[in-house]
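S.K.: Here is what each chain is made of, one letter per residue.
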Amino acid sequence: MKRRSLFITIAGILGFIFLYAPIVSLVIFSFNKSRLVTVWGGFSTKWYGELLQDPQILGAAWISLQIAFISACLAIVIGTLAAFVLVRFKKFRTRTLLSGMITAPLVMPEVITGLSLLLLFVAMQGLIGWPVGRGITTIIISHATFGAAYAAVIIQSRLVDMDLSIEEAASDLGAKPIRVFFDITLPTITPALISGWLLAFTLSLDDLVIASFVSGPGSSTLPMVIFSKVRLGVTPEINALATIIILIVSLGVIVAALTMQKGNKQNVA
Amino acid sequence: MNEQTCVIDDKPWLDARQPPFIRIKNVTKKFGDFIAVNNVSLDIYRSELFCLLGGSGCGKSTLLRMLSGFELPTSGSIEIDGQDMAGLPPHARPTNMMFQSYALFPHMNVEKNIAYGLQRDGLNRQEVKQRVQEILTLVQLQDFAKRKPSQLSGGQRQRVALARSLVKKPKVLLLDEPLAALDKKLREETQFELVNIQESLGVTFIVVTHDQEEAMTLSTRLGVMDAGEIVQIGEPREVYEYPGNRFVADFIGSVNIFDGRVIEEDTNFVIIRSEEAKIDIHVSHGVSCTPSQKVSYAIRPEKIQMCLKKPKNVKNLLKGRVNEIAYMGNLSVYQIELEGGKRVRVTQPNTIRSDEGAITWEDEVYLWWDGAAGVVLTS
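Chains as they are written, first to last, in our numbering: chain A, 46 to 314; chain B, 907 to 1285.
Watch out, some of these pointers could steer you wrong.
To be verified - Now the in silico label distances, taken between C-beta atoms and shown as ranges: (1) I68(A) with Q1032(B): 55 to 61 Å; (2) D987(B) with L209(A): 27 to 33 Å; (3) S1056(B) with V294(A): 28 to 34 Å; (4) L1029(B) with L209(A): 25 to 31 Å.
Claimed, not checked - Here chain B is said to cover these stretches of chain A; the calculated rule only asks that three of the stretch's residues, wherever they fall, bring their Cβ under 8 Å from a Cβ of chain B: (5) 209 to 216; (6) 228 to 241.
Claimed, not checked - From the structure, some residues in chain A lie toward chain B, with a derived Cβ separation under 7 Å: (7) G219; (8) A220; (9) K221.
Since the hints were made in silico from the structure, they are not lab data. If you're wondering where the values come from, they're calculated on a predicted model, not measured in any experiment. Even for Gly, the Cβ is constructed at its ideal location relative to N, Cα and C.
Using the sequences and the hints given, assemble the complete structure.
M.R.: Here it is, written out as structure tokens:
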């Protein structure tokens, strides 16, 4: 018994090292005084300071945040609608097809998604004259499409668990359908909406491939800027930037998980 | 008020001049090909506590959901207090429902749960507060107003659900298995509480239940449902003592059934020859049947006498051997195997403490009953 638990402990530690050692070393080297990335020259936060001086990175970060925010909002609206259709309208002919199509972006290679979206935008510009060129708008649309897929899956699972009789109870007590939605349904699925939004937000912030396809001049996102910089060699500045991004993303994921968990607990009532 | 009107007041269904409060007329509900409720007609009177009793899938809940407006009848009509319910959505009906799962709003505290219905009626804040306070006092939950449903016990949630559905003073309160989620002890206490509340408020209650004991304790009248149809309507005693057919006799309480054939038929007695019992059963009242008609004779276990010595001068005497004894505390259930192999269930109250001289396994016993103790079932 003792042996086995020791084995599990060691396996666990090795697993975590494998997963997180690169990230931890990145974080540590972001505090490196030396300009050489691989040689430790003492503790310093100067690269963080320099980062704040770099207009190119700050500009890209601002664009990325805008895109992430707007596309996450769009994703939530589309995802909620899709989830509702899938959960509440049990019988319609293309149900299986729709359900498959909604989850498809989760497994589709990003290169294909990006390429197809690019072709679509080019064709659309030719046909209806919108969107004009590639830029922030096209990135937002692209990110909203795959963000919606994640949001739909999360909201769907929440809706499936939801006790329909509480909606019936509200309407029995005199609430009209629209009131039932805002008083009962929305508060019940709020945790799913929040975690779906946060997930869509972080996914958009992380995305490099799709954004590269559909971006245009003046709309380079943060991952794109980092990538192009890294091709010229990794600098401690990039390490600092990566550390900040890791912080933001993990905060987002943790908050998403906690809200979902809290909501589940309440729903058990 | 003389005695005569008093009786009629208590039992409006006996008075032909009394208009029914709820009138269900030829209601049928189909889900695809499946007929959940089949041509049900039912009159329920003001301030009644009516129980719909039946096994799962018999259509009792569907009938309740049609009253509340969650399901629409495929055909037929429902009237409440003279108003046709057709086309009225749930939020516009004068009914409130207490759900089996209680369906409390998990994100609102007790007070807000109860106030929700009143707020939808546009009552002012002062009045809402007062009504909520009143109903909380009635269900003895004054100290729990600020709790969330997740912080309450099962019994407390049940009372919140009851309070929430009663606070709007509906014309009809529909209760779907209101006590099913409570444990036995609590359920028995709550049964009486429910009857008291119903009597003090005078609201018409319709209760759906699969528990026959619960239905007997609660109801003024009950309707037994089977396969989408109402098979018998009556007061609890009436349904128990005079079941209309084999299904009801078997469903309500336990019963011994002997199949037989009428061999003698008169205005004040009937004799049934039963191959199973190997005797001629003497019935001391007239039954509307024809000679040589096939019938079933039903007798309740507690109406059969049992002893070790052969009694003298009794009719309907059987002999058998004790096969099985179930000691239940207040009474014991005996399973007696008759000479022909048929098994009969007999219950006896345990009036003395010691088991000396008591009937035990493998004893030869005599069973007999009075000519008026059983019921002749022709269907």
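S.K.: So which hints don't hold here, by number, going up?
M.R.: none
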